[in-house]
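Engineer: Sequence:
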Amino acid sequence: MSYQSQTYAIAGRQEDLERHLLELSVVDREQLAVAKRWQERQEGPLLMVLLQLSFIDLQQFSGLLDWSGQGRMDISY
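Sequential numbering from 1 applies to the sequence shown in the working numbering.
It is worth saying that the hints were derived from the structure and are not from the lab. You may find that some hints are simply not true.
Estimated spans, in silico, between C-beta atoms of each pair [what the hints assert, rightly or not]:
id, residue 1, residue 2, range
1, E23, Q59, 12 to 20 Å
2, S54, E18, 23 to 31 Å
3, Q70, R41, 15 to 23 Å
4, Q70, E18, 16 to 24 Å
5, G44, G12, 28 to 36 Å
A virtual CB, placed ideally from N, CA and C, is assigned to each residue, including glycine.
Could you build all of it, start to finish, from the sequences and the hints given here?
Structural biologist: Below is the structure:
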């Protein structure tokens, strides 16, 4: 897989994650915007940034990791 296609795949997964977070009201749009700005500075995964900012807790983090790694299964909080 080329670098460009890997970058596109990662961006697509993040868009799916962002949509999922908003649909389930895990975070609101303002929190997501803050987390994305932090993510750009730190160049790290969005889930880690959300956890560092205390926008999600460890249980939500774990569930979201499972969701993102296993075909985006439905989870509730």
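Engineer: Hint by hint, say whether it matches the structure.
Structural biologist: Verification of the supplied hints:
no.: 1; hint: E23 x Q59: 12 to 20 Å; result: holds (18 Å)
no.: 2; hint: S54 x E18: 23 to 31 Å; result: violated (18 Å)
no.: 3; hint: Q70 x R41: 15 to 23 Å; result: violated (30 Å)
no.: 4; hint: Q70 x E18: 16 to 24 Å; result: holds (18 Å)
no.: 5; hint: G44 x G12: 28 to 36 Å; result: violated (18 Å)
When each numbered hint is compared with the structure, violations occur for hints 2, 3 and 5.
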